[in-house]
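These are the residues of each chain, in order.
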Amino acid sequence: MVMLVAAIAAGCRYVPDDVVKGNGKNGTANAEGFEVLVAHARAAFAQQPRSVESVRVARDKYAQAIAGRADDLTVLLEAARVAMWLGEFMPSRQERRPIVKDGIAYTNTALKLSPDNIEARYCHGVLAGMLGDVDHDYGLNAAKTVDQDMRGLIEKNADVGHAGPWRVLGVLQMRAPGPPTSVGSLRNARRNLLTAVEKAPDWPENQLYCAEMEFAWAKDRNLPAEAESARNRLQKYLLGSEAKAPAGMEFEFARWQEKARELLKNNP
Amino acid sequence: MKRALFLLLVLAVPLVSSAQDKPREPSPKAEYGLAVYKLGERHATDDKAGETIDSLCQWLGTQVPEARFVRRGVRNKPDEALKLLQDKDKPVAVAIVSPGFYLKHKSALKLTVLAEARRGDLDGEQYVLVGPADAPAPEAFPEGAEIATSLTADSDWLNKVVMPAPEGKKPVVWKQTDNPFDAAYDILDQAPGAPRHVLMDRLTLKALQEDADLKILKSGLKSEMLPQDLVVEVDGRLGDAREALKKALANLDETEAGRKLGTNLQSPRFPAADSARLDRVAKRYE
Numbered sequence: 001m002v003m004l005v006a007a008i009a010a011g012c013r014y015v016p017d018d019v020v021k022g023n024g025k026n027g028t029a030n031a032e033g034f035e036v037l038v039a040h041a042r043a044a045f046a047q048q049p050r051s052v053e054s055v056r057v058a059r060d061k062y063a064q065a066i067a068g069r070a071d072d073l074t075v076l077l078e079a080a081r082v083a084m085w086l087g088e089f090m091p092s093r094q095e096r097r098p099i100v101k102d103g104i105a106y107t108n109t110a111l112k113l114s115p116d117n118i119e120a121r122y123c124h125g126v127l128a129g130m131l132g133d134v135d136h137d138y139g140l141n142a143a144k145t146v147d148q149d150m151r152g153l154i155e156k157n158a159d160v161g162h163a164g165p166w167r168v169l170g171v172l173q174m175r176a177p178g179p180p181t182s183v184g185s186l187r188n189a190r191r192n193l194l195t196a197v198e199k200a201p202d203w204p205e206n207q208l209y210c211a212e213m214e215f216a217w218a219k220d221r222n223l224p225a226e227a228e229s230a231r232n233r234l235q236k237y238l239l240g241s242e243a244k245a246p247a248g249m250e251f252e253f254a255r256w257q258e259k260a261r262e263l264l265k266n267n268p
Numbered sequence: 269m270k271r272a273l274f275l276l277l278v279l280a281v282p283l284v285s286s287a288q289d290k291p292r293e294p295s296p297k298a299e300y301g302l303a304v305y306k307l308g309e310r311h312a313t314d315d316k317a318g319e320t321i322d323s324l325c326q327w328l329g330t331q332v333p334e335a336r337f338v339r340r341g342v343r344n345k346p347d348e349a350l351k352l353l354q355d356k357d358k359p360v361a362v363a364i365v366s367p368g369f370y371l372k373h374k375s376a377l378k379l380t381v382l383a384e385a386r387r388g389d390l391d392g393e394q395y396v397l398v399g400p401a402d403a404p405a406p407e408a409f410p411e412g413a414e415i416a417t418s419l420t421a422d423s424d425w426l427n428k429v430v431m432p433a434p435e436g437k438k439p440v441v442w443k444q445t446d447n448p449f450d451a452a453y454d455i456l457d458q459a460p461g462a463p464r465h466v467l468m469d470r471l472t473l474k475a476l477q478e479d480a481d482l483k484i485l486k487s488g489l490k491s492e493m494l495p496q497d498l499v500v501e502v503d504g505r506l507g508d509a510r511e512a513l514k515k516a517l518a519n520l521d522e523t524e525a526g527r528k529l530g531t532n533l534q535s536p537r538f539p540a541a542d543s544a545r546l547d548r549v550a551k552r553y554e
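Residue numbers (the numbering used here), protein chains in the order written: chain E, 1 to 268; chain R, 269 to 554.
Mixed in with the good hints there might be a few duds.
Stated by the list, open to error - Straight line, CA to CA, 20 Å or less: simulated EDC-like cross-link-like pairs of lysine to aspartate or glutamate:
hint	chain 1	residue 1	chain 2	residue 2
1	R	Lys-528	E	Glu-262
2	E	Lys-236	E	Glu-262
3	E	Lys-219	R	Asp-446
Bear in mind the hints are in silico, worked out from the structure with no lab data behind them.
All chains, please: the whole structure from these sequences, using the hints.
Encoded structure:
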């Protein structure tokens, strides 16, 4: 997963720090109802082939479960992952907004339960980036939040999201305006995205964003060899005959392939 | 479909009644085109900044009686900005432009300065050269040196105003960078093709001095204090709306909505321009 800070317009709202009400204290759902809802949610998210509709069902079930009981760290993180998925793949920006905000509340709650939890911190940063994308009023603060969360994880050399912290921070640095407005830097993006492909070369998303960075670097530095490297990378990991989707990730892989084709079209 | 029609009818009834109660239709608001040209800002495009400028237009519409402001475009290239301001089909009445653009086109486009930006709440702009940590900071004009800047699209502004070569000295060589921080990293990394110095505005310099890696770089020669971006009226097109617009921009930070806009525009308010400073700089263009 990667947040999509496609446009960091200057914005001045703060990423919410709210938690799910009744956290750990006032669970009202009975245990059986909670387990049933979570089981339905898991089944819907695991459904193959995955679709926006099935993941929306998962989201609704998790929301119902968490509304009754918000003290299960595993369930909160699963719900946050579902929010991340919809935040990335759901077509309507307007519909993504409340889902992403709910996801942030889940991660805030998870971090309250387990402040050093790596996955919760990672999801929090990714969802903050997505919030900046769906609502530009949050843009600047969202970028700052992503930067802080991912830097913290990189310092810990955190193994999460297939080198996720390096990829997410790299994408942010590649697309955001430079200082003093934000944290954009092609040089820093290059470092982080090359680290991501070094740490998790078989994760196609890492290769996709690394190729995007190489095209940008080629243009910025007038280095045609970098653009050639990007084309080879896209062929090898996303578009060529040997490119394969990771197990159970066919839906996501198809979307990454679309982005890869778009990149090639824009960088002839 | 039937349900939608029913809803429309239900909603329409009170509107019709309300219209009948009024003695006459209010006169339509006058439309004023607004454009933005930001030199050296890669993200100053309709795609990236359009939403913010739309918010400004909307807010101005609440501040200036009988006026409606409409975004005509956000540009970062001078030729494209010029085209926008020359368009007679979609006339621009008010624009935020760089001081160099104003000085170059003020006669041809009949531009009048209404206000000046205060980026970072600072009065005026001053550029400074930043160079390697291990070499003396350039306090004197660095004859013939390669200097990275995001402002190369306006070489007149750079060569006549920001860092003019003293008599008999070879001018500096400007090198475009979309991100002065990356140019500073190139100096730090001793990367191939790194510039000798980077030209930075005050806010970027402040950010550099707070960066764990880059703060060891040395700053030196400074430009004189220069105007920031200017709000200009085009060809007297604001008419009666002019004074209310000036007042609204000068007092932008007095309301919550205005403060939010000021943050988004990176200028908390737009007071009257420092005309003495502007006149001094204008002489370089004569």
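Status of the hints after comparison with the structure:
1. R:Lys-528 - E:Glu-262: Status violated; Cα separation ~36 Å.
2. E:Lys-236 - E:Glu-262: Within the cut-off at roughly 16 Å; holds.
3. E:Lys-219 - R:Asp-446: holds (11 Å)
Checked against the numbered hints listed earlier, the structure breaks hint 1 alone; every other hint is satisfied.
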